[in-house]
Amino acid sequence: MAHLSLKSLTKVYPGNVTAVEAADLDVADGEFVVLVGPSGCGKSTMLRMIAGLERITSGTLKIDDKVVNDVEPGHRNIAMVFQNYALYPHMSVRRNMAYGLKNEGKPKAEIEARINEAAQMLRLTEYLDRKPRQLSGGQRQRVAMGRAIVRQPAVFLFDEPLSNLDAKLRTELRAELKALHDRLRGTFVYVTHDQVEAMSLADRIVVMNAGRIEQIGAPIALYSRPETRFVAEFIGSPAMNFVEGVLGEGGAVLVSEGREVLQFDRPIGLAGSGFVVGLRPEHMKPSKGGFARLRFRRVFDEQLGADTLIHGTLDSGPTRVILRVDGALHLPDAERLEVGVAREHLHLFDPKTGLRIDT
Amino acid sequence: MQKRVTFNTKTLPYLLVGPQIAVTLVFFFWPSWQALESALYIEDAFGLSRDFVGLRNFRDLLNDDVYLASFGVSFFFGIAVTFLTMALALALASAANRVLRAATAYRTMLIWPYAVAPALAGVIWYFLMNPSLGIASYWLDAVGVDWNHYVNGDQALLLVIIAASWKQISYNFLFFLAGLQSIPQSLIEAAAIDRAGPMRRFWTIIFPLLTPTTFFLLVVNLVYAFFDTFSLIHATTQGGPANATSTLVVKVYQTGFVGQDYGSSAAQSVILMAIVIAMTFVQFRYIDRRVNY
Ligand SMILES: Nc1ncnc2c1ncn2[C@@H]1O[C@H](COP(=O)(O)OP(=O)(O)OP(=O)(O)O)[C@@H](O)[C@H]1O
Ligand SMILES: [Mg+2]
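So the protein lines, in turn, are chains A and B.
Its first residue numbered 5, the first sequence is counted upward by one per residue in the working numbering.
Its first residue numbered 5, the second sequence is counted upward by one per residue in the working numbering.
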């Protein structure tokens, strides 16, 4: 068990590619932290710096208050699960799991005991003598987890471990992973680009964008109070709708290119200044009431069973908007809808900096 | 799924393989048959008459100490060349694999020796190591080694081993490099996290995963050393001094063209043929099972 501390951690690849820029992060003992962000934002680089697979350009990395910048991966007391499993193809499942322990010089009996325990935990007992190529994708990924577990590391690192699996298996293994964390109480750092995975697994989520950390917080905090427009757009599916404009009539309406796009019950913010208003699809109610109201032009419906997604645009312009309504809800067959949003579900951002504005 | 081309006419396939079969018949089966036949005769030096002697040529060979010694030289030579070549090629390939991506120039340079004709390679080493002219023997002299492969049989053997290996390293290098590059980087990283140092990673992960390549090269190098080094040895030491570098192929030449004993020479080539067939058999037999994972 260990805590992890990153102080202004930076990675510059040859050719002056800054992959991670001055990242600060503290991971508490036993915490499940998920790094999430779009492709190329530096998640893997950050994880690989923690693992010791990538040299740290500047900043300090501490595991349990010990600076480990220059410690070999094998001596950092970490274990890692790779996206492509990285199982040793010429070794049986048993030998794959034993490899690290043998290298540590653990006695045979203990190795045996740890493997059996992990195999039981991961339902791998009957596959112990198979080679990796004789296993399914899900089983291989469990072996990779087993190989990490037997080492009893202070920190577990995962780099998109589920992304090579099909959707159903991914959901299954996600639940297993969560259970595993509850059972081991280990410190987990987990990389994914799938925000649903991040939401469901994390104690805290770290949202990254272009090498920088955008926001760190509990899943629900990121969802209900995104600090930047980027986070607002990234967390939640379908993504948040954004309506851009200038406040008019003393702050009671939002105007874009001379046309009213949003009306408010009471004036908000400062009249005359530009805003980006964020509205989550699930918070937009097709009704005349609500603190903020807009007119919506419906293009097509997408019925998903539990929910229905209604795709369309603002009536006043081309801005695309998606509503998410209860699948059982019967809507009139009209092309234009009145949509209302409650006060607490409005998110305001500065159009230039993208930062959240509280009113 | 394999795509198969189907022919409409019956003759076209035969026409297509015809030239290949003809070449094989004329340049392989016919000489082989001739060798098999001659091996059963003893011919006089002028080729005017010959007597059928059955297996006597073979019996004589097996009782001939010089021939048996040449077996020994061949095996030592073959194993030494194979080992030296593979060890150096693997070391070079591992080094190249580390710095790769940018280092194509390095790779190209290492491939050059392979493009050198065998006889020419022999001549290069002949000049390098020539006791009176050679720069390398001059350097050796400077560090206190008295180099004269015209007199010293061990040195002569060492010379042809080095020359033959030098020529074959680039070929091995290419295969090892390709093999190394096909090992996913994440396996090495996983091993590093599993607390395996570079040496341990090499012997427990990389080397086992290279087994298919290693096995293939093992056979190729043995065949090369046994059968493909004649012109190199001929240009460098001519099999001497005192038969110290006279491998089986060189011996065939010496017996036949120098000693003019065609019957014995033919018998020797039949024995060589048997060895090639055995080696090819081993290779085909295990080629499917090469993969060990
Ligand atoms: N070895 C390298 N040399 C140079 N640039 C690199 C190297 N590895 C990664 N990068 C660059 O660093 C940035 C971050 O890469 P990284 O692999 O960390 O992204 P990621 O967030 O893991 O993306 P993904 O979700 O696609 O895996 C990218 O712009 C990438 O091109
Ligand atoms: Mg990545």
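Please keep in mind that the hints were generated in silico from the structure rather than gathered at the bench.
Keep in mind it's a predicted model, so treat the numbers as computed, not measured.
It cannot be assumed that every hint is accurate.
Facing chain A, a subset of chain B residues (Cβ under 7 Å, in silico) [unchecked claim]:
no., residue
1, Leu191
2, Glu193
3, Asp198
4, Ala200
5, Pro202
Which residues of chain A face chain B? A partial, calculated answer using Cβ under 8 Å [what the hints assert, rightly or not]:
no., residue
6, Ala83
7, Tyr103
8, Glu237
9, Val280
Yeah, the Cβ is synthetic: ideal placement off N, Cα and C, and Gly gets one too.
Hint check:
no., hint, in the structure
1, Leu191, "holds (5 Å)"
2, Glu193, "holds (5 Å)"
3, Asp198, "holds (4 Å)"
4, Ala200, "holds (5 Å)"
5, Pro202, "violated (10 Å)"
6, Ala83, "holds (6 Å)"
7, Tyr103, "holds (5 Å)"
8, Glu237, "violated (32 Å)"
9, Val280, "violated (41 Å)"
This entry does not satisfy hints 5, 8, 9, going by the numbered hints stated previously.
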